[in-house]
Amino acid sequence: MELFVFVVAAAMVLVGAVGVILRSHPVHAALSLVLTLFGVAVLFVAQQANFLAAVQVIVYAGAIVVLFLFVIMLLGVDKADDLQIEPFKIQRPAAVAVGAGLLSMIALAIMVSRDARAPKVTPSEAVQAALDGTHDSNVRAIARDVFSDHVLAFELTSVLLVIAVVATVMLARKPRKGEST
Amino acid sequence: MLALDVLLDDLSLRAILIVIIKVVVIFLVGLIGTMLMVWFERKVIAFMQNRVGPDKAGPKGLLQTLADGIKLFFKEDLIPDKGDRFVFKLAPYLAFVPAFLVWSVIPLGGDFSNGKDGTVQILGRATKLQLADPPVGVLLLLALSSIAVYGIMLAGWSSGSKYPLLGSVRASAQMVSYEAALGLSLASVVLIAGTLSTSGIVASQTSFTRWHVVATGVLPFIIFLVAATAELNRPPFDLVEAEQELVGGFNTEYSSIRFALFFLAEFMNTITMSGVIVTLFFGGPQPLPIGDYDNVLSFLGPLSGTVWLLLKVLVFLYVYVWFRATLPRLRYDQLMNLGWKLMIPLSFAWFMLLAAFRIGRDEGWDRWFVVAGSVGVLGIGSSLLQRAGKVSARNREREGAMF
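Chains as they are written, first to last, in our numbering: chain E, 1 to 181; chain W, 1001 to 1403.
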């Protein structure tokens, strides 16, 4: 059963990912991205990370890709692009090189982890609670982690977001007459 | 394993049978309920406008929706030439499926009295009267409502025509904006209930004063009701299908069965949203104590919870029809102002207030100190907001904007 779920979800992720790259139409590419995000959400659920799965769907599928689509539709760039044209000459060789590098790194990681003797994994408190079926253990564990161990990173991220919002307002603001930007 | 239901821990034929029965029952009740809802809305509106309403097909016109449905099935199915065929066909299902899926996490009955968790015995097994009870039930509701945006957005875009596109851009902007207020007022409920699971939220509302409409102080409920109306694109927030401006909105190019799917999704969403409101704020299947009786419907036995839920949902269905019959449609800028400048700050402030009281109680602070501090902070925040609003209004006036 778990294998079945994994295979289906992984197929969703891969088909979506390939679709994002190969579809020449931006809207279709965005929809493929949604498929990938859903696949990832299913994988999260299969790993008992219910909260992450829900947030994945709400934030990524529900907000970010909707924003992508919004921009595509409002700017009227929803025409199929010719994939033969290459805007930056260096782009494709660079993409191949980086892709190959990433693939070899992942392969290496898998090889190393297979060779190393698997240590006895003790499930963390959160996983254990989730296995026991205790409600909301996910949320508690994540909250404790984010607001204690990683509180600095969390606050810095929020500062980053505020900076982004202020910058957007500055960019969108029309300069008054006689005022230089 | 996927521990979504207590049943699925050990898979047996009987457990699978129960789940299948639940799915079929929910599916059928959903469809028939939608059919009756269309009839109910037309009848009530007719009553409010001194008309008769549908009365030819079946007793009191009950079968009118069925007749309309059959007619729609046999209509010609058109796909616009300039449209995107695949997305055009996909969009109605994206609108319809989330509407159905919301039912899976709403507790539809069961015994929650005296701290029981609502499990009942079916075929000799303990199960809940809801299809799935994931630990993040409430978030699933939000996720589904954010997926529903896709149906409308893609329907308008794939029609390959100007007015549907305008309608769908409007609709998605509206739904995305009001989702924030919806989520924030929902957060107040979660804060009080202390759990994200829908059955847990119902179980925590044991008496009338602990119903979340009272326990969270009414305001989150009002915000949720308004935001939910906007999410549903129902009047007075039905700018999506502003006939005078946009022909028919996002579904202009749709005909036949695909149009029927949008139509069904809209009415089904109304029912499910009423169910969500009842679950979150009015105790779901919990009985309302009247006088000396804890549960005046207790003679119905295990069904009493379901009947209570039905009665409460009916109240909200009536309220939605009432809205439609009495309130004029908002202008687009009024809609956005209401959403961003009033409802989001207000729900956020209320959430912070509830959180402050919670912390104050846990830490044993003086209550009046907490009240004074909160009022001070909220006062500063709201005056800053008003100041910002004034400045931006002055700027827009200088630029010669109309509104």
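No lab work stands behind these hints, which were simulated from the structure alone. The model shown is predicted, which means the values in this text are computed figures rather than measured ones. We put the beta carbon where it would ideally sit given N, CA and C, even for glycine. A portion of the hints provided could be inaccurate.
These stretches of chain W come out as covered by chain E in the derived footprint (C-beta under 8 Å, 3 or more residues) [as the list claims (entries may be wrong)]:
| # | region |
| --- | --- |
| 1 | 1136-1143 |
| 2 | 1150-1157 |
| 3 | 1169-1183 |
Hints, one by one, checked against the model:
1. 1136-1143: holds (count 5)
2. 1150-1157: holds (count 4)
3. 1169-1183: holds (count 5)
The structure meets every hint from the earlier list without exception.
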